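Now for the letters of each chain:
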Amino acid sequence: MRPLRLILALAAVLALGGCHRSEGPYPSREIKLIVQAAPGGLSDTVSRVIAAGMEPVLGVPVVCENKPGAAGALAFSYVTRRPPDGYTIGHGPVEIAMVRALGFAQVGPEDMDLLCLVSKTQPVLAVHADAPWQDLGAFLKAARQRPGFYVVGNSGTGSIWHINALLLERTTGIRLIHCPFGGSSASLTALLGRHLDAAVAGAGEVAPHVAAGGLRVLAVLDARRSRIFPDIPAITEFGYEPGASAWSGFYAPRGLPADRRDKLVAAIRRAFETPAFQKVCEQRGMEPVFLPPEEFRKFALEQAQFFARVIPELLKGGA
Amino acid sequence: MESFAAGLQAVLQWDVLLFLATGVLLGAVFGALPGLTATMGVAVLTPLTFWVSAEKGLAMLLGIYCGAIPAGGIPAILLNIPGTPASIAATWDGYPMAKAGRAGLALGINAATALMGQWISFAFLALAAFPIAAFGLRFGPAEYFGLALFGISLMAGVSSGNVLKGMLAGMFGLALSTVGLDPMTAWPRYTLGVSELLDGVSFIPFMIGLFGLGEVLGQMTEGGGPRAALPPALGRILPRWSEWKRMLRPGVLGSGVGTLVGAIPAAGGDIASVIAWEQARRLSRRGQEFTKGSVEGLAAATGACNAAIGGAMTTMLTLGIPGDAPSAVLIGALLIHGIQPGPLLFRDHAGLVYTIVVTMALAAVGIAVLGLVAARPLARALRIPRPWLWAGIVLMGIVGSYALNNSVADVWVMFAAGLLGLLCRRFAVPLGPLVLGLILGPIMEANLRRALILSRGDWGAVLDRPIVMFFLAATVASLLWPLIRKGRVAPGSAAGSK
Numbered sequence: 002m003r004p005l006r007l008i009l010a011l012a013a014v015l016a017l018g019g020c021h022r023s024e025g026p027y028p029s030r031e032i033k034l035i036v037q038a039a040p041g042g043l044s045d046t047v048s049r050v051i052a053a054g055m056e057p058v059l060g061v062p063v064v065c066e067n068k069p070g071a072a073g074a075l076a077f078s079y080v081t082r083r084p085p086d087g088y089t090i091g092h093g094p095v096e097i098a099m100v101r102a103l104g105f106a107q108v109g110p111e112d113m114d115l116l117c118l119v120s121k122t123q124p125v126l127a128v129h130a131d132a133p134w135q136d137l138g139a140f141l142k143a144a145r146q147r148p149g150f151y152v153v154g155n156s157g158t159g160s161i162w163h164i165n166a167l168l169l170e171r172t173t174g175i176r177l178i179h180c181p182f183g184g185s186s187a188s189l190t191a192l193l194g195r196h197l198d199a200a201v202a203g204a205g206e207v208a209p210h211v212a213a214g215g216l217r218v219l220a221v222l223d224a225r226r227s228r229i230f231p232d233i234p235a236i237t238e239f240g241y242e243p244g245a246s247a248w249s250g251f252y253a254p255r256g257l258p259a260d261r262r263d264k265l266v267a268a269i270r271r272a273f274e275t276p277a278f279q280k281v282c283e284q285r286g287m288e289p290v291f292l293p294p295e296e297f298r299k300f301a302l303e304q305a306q307f308f309a310r311v312i313p314e315l316l317k318g319g320a
Numbered sequence: 154m155e156s157f158a159a160g161l162q163a164v165l166q167w168d169v170l171l172f173l174a175t176g177v178l179l180g181a182v183f184g185a186l187p188g189l190t191a192t193m194g195v196a197v198l199t200p201l202t203f204w205v206s207a208e209k210g211l212a213m214l215l216g217i218y219c220g221a222i223p224a225g226g227i228p229a230i231l232l233n234i235p236g237t238p239a240s241i242a243a244t245w246d247g248y249p250m251a252k253a254g255r256a257g258l259a260l261g262i263n264a265a266t267a268l269m270g271q272w273i274s275f276a277f278l279a280l281a282a283f284p285i286a287a288f289g290l291r292f293g294p295a296e297y298f299g300l301a302l303f304g305i306s307l308m309a310g311v312s313s314g315n316v317l318k319g320m321l322a323g324m325f326g327l328a329l330s331t332v333g334l335d336p337m338t339a340w341p342r343y344t345l346g347v348s349e350l351l352d353g354v355s356f357i358p359f360m361i362g363l364f365g366l367g368e369v370l371g372q373m374t375e376g377g378g379p380r381a382a383l384p385p386a387l388g389r390i391l392p393r394w395s396e397w398k399r400m401l402r403p404g405v406l407g408s409g410v411g412t413l414v415g416a417i418p419a420a421g422g423d424i425a426s427v428i429a430w431e432q433a434r435r436l437s438r439r440g441q442e443f444t445k446g447s448v449e450g451l452a453a454a455t456g457a458c459n460a461a462i463g464g465a466m467t468t469m470l471t472l473g474i475p476g477d478a479p480s481a482v483l484i485g486a487l488l489i490h491g492i493q494p495g496p497l498l499f500r501d502h503a504g505l506v507y508t509i510v511v512t513m514a515l516a517a518v519g520i521a522v523l524g525l526v527a528a529r530p531l532a533r534a535l536r537i538p539r540p541w542l543w544a545g546i547v548l549m550g551i552v553g554s555y556a557l558n559n560s561v562a563d564v565w566v567m568f569a570a571g572l573l574g575l576l577c578r579r580f581a582v583p584l585g586p587l588v589l590g591l592i593l594g595p596i597m598e599a600n601l602r603r604a605l606i607l608s609r610g611d612w613g614a615v616l617d618r619p620i621v622m623f624f625l626a627a628t629v630a631s632l633l634w635p636l637i638r639k640g641r642v643a644p645g646s647a648a649g650s651k
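The listed protein sequences derive, respectively, from chains H and P.
First residue of the first sequence? That's 2 in my numbering, and the numbers climb one at a time after it.
First residue of the second sequence? That's 154 in my numbering, and the numbers climb one at a time after it.
If you are wondering where the hints come from, they were derived from the structure by calculation, not from laboratory data.
Computed from a predicted model, the values in this text were never measured in an experiment.
Where a beta carbon is used, it is the ideal one built from N, C-alpha and C, also for glycine.
Each hint should be verified, as a subset may be incorrect.
Claimed, not checked - To give an idea of the chain P side of the interface with chain H (calculated C-beta under 10 Å), a few residues:
id	residue
1	V195
2	E296
3	P336
4	L350
5	L351
6	L370
7	G371
8	I474
9	Q493
10	L498
11	A599
12	I606
To be verified - Rough simulated footprint, nothing fancy, chain P against chain H, three-plus residues with beta-carbon under 8 Å:
id	segment
13	46-54
14	156-163
15	208-221
16	278-286
Unchecked claim - In silico negatives: residues of chain P with every beta carbon more than 12 Å from chain H:
id	residue
17	A279
18	Y297
19	D335
20	S437
21	P530
22	W541
23	R579
So that you can see chain P by itself, here it is in the shape it has in the complex (with noise of 0.2 Å):
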């Protein structure tokens, strides 16, 4: 309590505050535009921070990423483009919310659940560091492997009603995966001998195509003219008590599942909030509404991309290994400021980490203040004509390609992705799937191969462990699901179904 109560001094300085406030407004900015990602905003600001002292460094660089993350819902709220591949869960319904007139309230629900997502996790920072990041040492190979098996087996739950095609994609974002060099052979592997796909085909750049190009290509084919791009009802921002009600559960949950996943070092938000709004769309009454604008949905999306910081900063804080990818990042500007996190760190400069916490929570605090305060104007900067629009998504889409590896290749493969969106769009192929593909794929594969290898070729060995028997299981419980669901719901008519 000493520690925390000197953690809060050190942070509650009008100059600490101040380069808070600026990470914070910095953060929402990089966050907000798809290309610029938190990683890259705390990896750009690191050098700025070297000429100040430590807790005001901090302060910047923890309000960037605290920030950035709440922020990538909103375009993808309002514009159906995920800010960062944290946010691709948050499309699913608050994309829905927002073209049915909802508009304020899911940025209302967005910011609301990153206040208690964050607030959650890092809770779990200071009262249980060392079991939570005992429990992410125990992910070895063979884990991630059951960990990506189970993402996998959710790629019918994020079809949005069409499972064939949902498959079908899911299984392309599969075989994309496989594209650069052989994770264990460093073989290269349908790079048509261009230097650029040895590493693969580049996420990002990927997911502004499909997102973002898609959307716009999608909306242009349609006709329609220059009319608005959303109804111009923006609706209450804050929800009501029966709403607040409704998101408690899915918040809650989100926020759990996003801690722990966080707390795995080769997992992040992206996979955290995938899992989230899958497992509360099973657990709620009206299962149904997902995927058409759920509250539910969307907060447990959010709460678990957000809950998945404080996870990823306690496996950092606490064994010096990064937790995703900003908090790798955030390791080398630690050092730089003379601090190695580890063990250590919690005994020598017990302060040190409650400052840390104090930071990020009252970052959090920012970040929602101004997710609300910015509800209005930002949903209102959406009823400009759509030509304005799509010309200003797509020179931001070409710039965040290029700016993230300085890579004209990436630029060519968002048009590419582009191109797929728009063709996925006109045939009602869901996107979930095909993204869960691509970014499971790699985890799974590499994996596996790796477990293989450490087991000396034994199947029984890599499967008969404790986590991995619990991840098949939770797959084969999810792939079992839709019949366990029917049973329960037959008796009684099918109340609650279209």
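Chain H with its partners taken away, still in its complex shape (with noise of 0.2 Å):
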């Protein structure tokens, strides 16, 4: 009788796993949005409010579906193995340039559609407040006269955070003591209750403690000066190169039909214009930049041959 039942319910199962809907022009049913991250986090955030602007646009629900897990990796892989029909689409961060270096995942942006990038973040060099270091100039000073002495913290080994404080040791010829920790969250908590000289932060991580008084930025590691600080100079404007900048972007399993890649990245732009979406920028100190998928490819692409070059050199010491 048991084995019978079994056997009923499998079938069952795989029936209806066969059914096939009649399908309509794209977009006919939900699209799936694979976060490489948990809930509640930046990347969670902006995929919510991309999907939510996306959905008037397409005229389909666009449901968000978290999958962390090893730097957004598994997500990576996951999304790029499903068929190309549209129907399932990834939010890509900067790792995706990344994880293949870190040896994380087998995976690359060589192996996806890009669709468009959505936002950047600038790396941020933060001290305490009352740290005696007021700007870029003096803090080097220090660090030179004592090379491997002073601690600057950073989001966990191998994260974009701790990219930019080894490219800022490269290019000033400082040598720094790296600490790493469970996220921006945890290093900058550090970093407030003085247990660290410094860090290494995103822009808008770090502006809440600087508007509370708690932390200073010395510099925007960075071609550009941010909008949140205005008054803090970019790394360039002292002769050096600046570091990488955190993005944030959407992809596709490679192959996408190129009706549908259209379709998709026009709702996305929709989205990015929402008032929701900017205000999301403002309020996370993201900045909002559009790249339409030949451009994004494009960036995408040299960021990975970066990476490739820098993370190997740049880890070879260990932590």
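With the hints in hand, could you dock these two chains into one complex?
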């Protein structure tokens, strides 16, 4: 009796799985947007606001599904293995250009059909408000006098902010001690508690603590100043190389038909232009930047090449 | 006082109260179902609050947070399955009470101490937010190491009498916690090349398997046929006056510990309730009743995990840094409503702070009332034949494990942990130390290594800090306690011992 029931149940499941819905013009059913991070974070917020903005344009639900793990590598691998039918897309942060170099998964932007980029977050070097250094020059001078003495926190070994701290060392010739934490929130907390000398984090992550008088930003580690800190110089103003920004974009599995790609990109563009998204960018300290597919592709591939070159070099010395 | 009245006024509107009640109800569902957590509840419902005013949105989200934690104690008591990690310690005395036919009383205590723990911690938030937050900020890597070391020293105490097996289980938990990327070098350890293991063994699926599936498999292999899961006797729900008196001290102790531990940014209700339970056991005159259905043990555990809410909110509101996982998600929600937590919030929007405190205080009342009213039907639901209950638990376990990260790998973790749980039950290996090792292992390891980075490798500098010294002393005292106690009891020829 029991095996029979089991077989019947299995048959029912298989039969249901085999059902085909008749497909109308794209999109005719809900689109899944795979987010590589846990609910509540920045990637999740960007994805949910963009998804909400896409729905009225496409006329179908766009449902966010969180698949966190291995710096996003799990989600990237998952999405790139889905059929390129436009019904599964992914949120692609800067890590899509990093995870291969970090050895987390064999996946990169060349395995994806990139849709568009929607925002950037600049790296900044922050110290405690009571720290003796008023500007980058003073900090560099102190660091040169005591090489390998000052401890700079980051959001995890191999994370984008860790890479930025390493790039800062390389371009300025100073030597720091790097201390990885589980995310920027933890490293900035340690900096607020004066357990660290400095930290590298995203401009938006640091901004509320600067406004509250807890932290001070010494430099924006980018080629341009930040809109959030118009008075703080960019590192290139001192004649040094810029670091690498974090960013948010969207991608689909490779082989997405051009007409479906265009519909998705148009929908994301409309969502990008909504006041809701612009407001989120302002509140979370991101720069709204829109790059269409070709430009995003070029940018992401360049980034992947850059990280493939610098990550092995920079991480060679260990943490 | 004026801002307090304004806060009260902002909340006492029927539509705000409606959102609050909805939040508490949703929170109760998220908390009571293993695999759905308070964090998830707040995160998933945050987008729904975009379209309403900040007061209403906050009322719903805070309601979820305050409702989920006490509700997590319900499956812990009735099924031995913690609904959220914060209610692990509630299983130690809650489930034995239920098995002894006192399920009603256990649920009553859970509801009453939820109110007590939350109110005490909210009072601290309203009156002493900044000193508490300053205490939280003093926790650097060295201090976290001290806290974790102290937590590890409690393993013997949570071993239900079998110290050797408890220690072995604890060491196994610590070993298991090393799976995943090395926290300092990001080098994979024991991942067998599986990407899903890079972040370590997923804790919540592991917990669901160990407690939920493990319990089901244990009961199934015991035999006994399709009888009801629990004895039909429900017992009283409201504690007697004598029980109130016994609950008071451990409950207040738990609330104090919970407020402080909750305020420490990377430690939450799970650690708080274990510490509170163990300290209550030591300070109690009836310590030997703990793990056998002690009213005091349950009160300490549930008081602490609820007080951790206020502690975590204190750190979050005063400093803008999360005190635990749900409050991290709440920061995101507050930002979307244009509220930036941090010192400026108290200066510029003091009224809003009181609105939040009043909202949470009302949520605590709501969940306590709900808990008392629902106790009887919930306990009665357990009279269904056991095979039905088992099927339900396994199904919930699979769904819950998958839903957490949308990961099939997590379902396998759940099954593996279920088999482990069965083995532990068969060989009478206590689960408490195993879970403690798994929770504290990463905190201890990563923070010791961070502390050594900060001290440039100098062990002396790591240990020579007041809070670290305090925890070291507490650890030593905790390890020597059995000897001290023996010395104290011996002359009186062990009146209380078995």
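Outcome of the hint check:
This hint holds: V195(P) has a C-beta 7 Å from the nearest C-beta of chain H, less than the 10 Å allowed. Annotation: interface hint on E296(P) holds; nearest CB of chain H at approximately 9 Å, less than 10 Å. Contact between P336(P) and chain H, as hinted, is supported at the beta carbon level, the nearest pair being about 7 Å apart and thus within 10 Å. With its C-beta approaching chain H no nearer than about 9 Å, L350(P) sits inside the 10 Å limit, and its interface hint holds.
Given the 10 Å rule on beta carbons, the hint for L351(P) holds: about 4 Å separates it from the nearest Cβ of chain H. Interface hint at L370(P): violated, since its Cβ lies 19 Å from the closest Cβ of chain H, which is beyond the 10 Å cut-off. Because the smallest distance between the Cβ of G371(P) and any Cβ of chain H comes to about 23 Å, over 10 Å, the interface hint for this residue is violated. Because the beta carbon of I474(P) sits about 5 Å from the nearest beta carbon in chain H, less than 10 Å, this interface hint is met.
Hint status for Q493(P) relative to chain H: holds, with the closest Cβ pair at about 5 Å, below 10 Å. Taken as an interface hint, L498(P) checks out: its beta carbon lies about 9 Å from the nearest beta carbon of chain H, inside 10 Å. Of the supplied interface hints, the one on A599(P) holds, with its beta-carbon coming within about 7 Å of a beta-carbon of chain H, less than 10 Å. Because the beta carbon of I606(P) sits about 5 Å from the nearest beta carbon in chain H, less than 10 Å, this interface hint is met.
Taking a C-beta to C-beta cut-off of 8 Å, the segment 46-54 of chain H contributes 3 residues in contact with chain P, enough for the three needed, and the coverage statement holds. Interface restraint, the segment 156-163 of chain H with chain P: holds (3 residues with C-beta to C-beta distance below 8 Å; minimum three). Only when three residues or more bring their CB closer than 8 Å to a CB of chain P does the claim for the segment 208-221 of chain H stand; here the count is 6, and the claim holds. By the rule of at least three residues with a Cβ nearer than 8 Å to a Cβ of chain P, the coverage given for the segment 278-286 of chain H holds, with 3 such residues.
Non-interface status of A279(P) relative to chain H is upheld: no Cβ of that chain comes within 12 Å, the nearest being about 20 Å off. In this structure Y297(P) is not separated from chain H by more than 12 Å, as the shortest Cβ-Cβ distance comes to only about 10 Å. The Cβ of D335(P) does not lie farther than 12 Å from every Cβ of chain H; its closest approach is about 8 Å, which violates its non-interface assignment. Residue-level check passed: S437(P) sits 35 Å from the nearest beta carbon of chain H, beyond 12 Å.
With a closest Cβ-Cβ approach of about 31 Å to chain H, P530(P) is found to remain outside the 12 Å limit, as its non-interface label requires. The beta carbon of W541(P) sits about 16 Å from the closest Cβ of chain H, which is more than 12 Å, so the claim that it is off the interface holds. Consistency note on R579(P): stated as away from chain H, and its beta-carbon is indeed over 12 Å from all of that chain's, at 25 Å minimum.
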